[in-house]
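Sequence lines, in order, name chains A and B. My numbering puts the first residue of the first sequence at 1, with every later residue one more than the last. My numbering puts the first residue of the second sequence at 1, with every later residue one more than the last.
It cannot be assumed that every hint is accurate.
Stated by the list, open to error - Derived DSS-like pairs (lysine-lysine); straight-line CA-CA distance at most 27 Å:
# : chain 1 : residue 1 : chain 2 : residue 2
1 : A       : K162      : A       : K82
2 : B       : K69       : B       : K10
3 : A       : K195      : B       : K150
4 : B       : K69       : A       : K195
Unchecked claim - According to the in silico footprint, chain B covers these stretches of chain A (three or more CB under 8 Å from chain B):
# : segment
5 : 140-153
6 : 208-219
Just so you know, the hints here were simulated from the structure itself, not pulled from any lab data. This one's a predicted model, so the numbers in the text were calculated from it and none came from an experiment. For every residue, glycine included, the Cβ atom is placed at its ideal position computed from N, Cα and C.
This is what each chain is made of:
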Amino acid sequence: MTMDLSRRQFLSASAALGGGLLIGFRTGPSIGAAAAAFTPNAFIRIGSDGQIVLTMPYVEMGQGTYTSIPMLIAEELEVDLKQVRLEHAPPDEKLYANPLLGVQATGNSNAIRGSWQSLRQAGATARTMLVSAAAKRWNVDPASCRAQRGEVRHAPTGRRLKYGALAADAARLPVPEKVVLKRPADFKLIGTPAKRLDTPSKVNGSAVYGIDVRPPGVKIATLAQSPVFGGRVKSVDDAKARAVKGVRQIVRLDDAVAVVADHMGAAKKGLAALVIATHFQVLP
Amino acid sequence: MPHTLTVNGKARSAEVDDDTPVLWVLRDVLGMTGTKFGCGLGLCGACTIHLDGKPVRSCITPVAAAAGKRVTTIEAVGATAAGKKIQQAWIELEVPQCGYCQSGQIMSATALLAANPKPTDGDIDAAMSGNICRCGTYVRIREGIKHAAKKGT
Chain A
1 MTMDLSRRQF LSASAALGGG LLIGFRTGPS IGAAAAAFTP NAFIRIGSDG QIVLTMPYVE
61 MGQGTYTSIP MLIAEELEVD LKQVRLEHAP PDEKLYANPL LGVQATGNSN AIRGSWQSLR
121 QAGATARTML VSAAAKRWNV DPASCRAQRG EVRHAPTGRR LKYGALAADA ARLPVPEKVV
181 LKRPADFKLI GTPAKRLDTP SKVNGSAVYG IDVRPPGVKI ATLAQSPVFG GRVKSVDDAK
241 ARAVKGVRQI VRLDDAVAVV ADHMGAAKKG LAALVIATHF QVLP
Chain B
1 MPHTLTVNGK ARSAEVDDDT PVLWVLRDVL GMTGTKFGCG LGLCGACTIH LDGKPVRSCI
61 TPVAAAAGKR VTTIEAVGAT AAGKKIQQAW IELEVPQCGY CQSGQIMSAT ALLAANPKPT
121 DGDIDAAMSG NICRCGTYVR IREGIKHAAK KGT
């Protein structure tokens, strides 16, 4: 499928600022703040400060995808679920399309099926590069090093380095074409019960739902549509609506009238002041 | 004249009409999106906040009615003893599914526990019946309240 090609594309290395390396596409607006980060693909970002951020391509709506998707990545990356922070993916179909649907969407119960291979591969790629970086620093055979719980360990000498300390070095390495995935018998996370990672954010109000997204300068609108199919707006008297504090604009469409305001309270009050229903008429 | 409110202990002001529901002041004017919009008619409980510790539906509470009162939202309810226990119980029992109604559930449950540290099933039903959950987490909500109550005051 085309997936292999696009994966290789985003795994192709390109130099970046700050002694770090961005590999492939940028992962979101916060990338500028993490210039010294190790970003081997669009799903993993490891900062020199040790922060491990995973980018979620699927929407969490109670099905647990903010836990199961991190499990796929963390399994191969060799980090604990407690060590990762999650970010939602920005809109970018090239990077974050559901491999089975071909669009950036969540549904059909196919997130795990679709990402089973690619996200484990993303984790394994990062892990392989971090191990290489450590082996290089210690001047030892990478095969004698092992990744575990967010660090690389060299058992013969007892040396260990956290991923954050290796991020800048790993970022300078070429991205391997092929990486070895773990055998299912060696899985430590996949197949085990896990506490949901999104629960804390859903008990303290910090979880961001679609309705909570606030792009800079955004206004709030609500609208009245024709109550019957084919109805058209005949006339609108918006004098009272315009007088509502916080109402910015009345937008007249063929079959609807929208009220744009600073907040939903004003938008709804403005809409009610329009008394729209009497102004629709069905045209032949 | 802007309205001055005490939200989670801080003085905040909003230049809105007197009849603007507190919900929209919180969400759209102050940018505090933890309090959720559900029905806008006081029927579902998603928008529950505390006014002087009492649970109210912020979607039908005019901003003028909140003047001079202490507004507490999900963002700060954990600073109260009952709220902290409820939030902890919610995490330990993994009460939320999608989580959308849970801000309101937690605000109602916290008000219940603060007023009645040992609620019976009947007390819980009476206090929580106005908070709807489409995922159907009611059984865990009840267990969560009991779990929090067991921790004592």
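Evaluated hints:
1. A/K162 x A/K82: Given that 27 Å is the threshold and the Cα spacing comes to 15 Å, the pair holds.
2. B/K69 x B/K10: With a Cα-Cα distance of about 12 Å, the restraint between B/K69 and B/K10 holds, given a limit of 27 Å.
3. A/K195 x B/K150: holds (22 Å)
4. B/K69 x A/K195: Given pair B/K69, A/K195 is violated - Cα atoms ~38 Å apart, limit 27 Å.
5. 140-153: violated (count 0)
6. 208-219: Held - the segment 208-219 of chain A has 5 residues with a Cβ nearer than 8 Å to chain B, which meets the minimum of three.
Violation of the numbered hints given earlier is confined to hints 4, 5; the remaining hints are satisfied by the structure.
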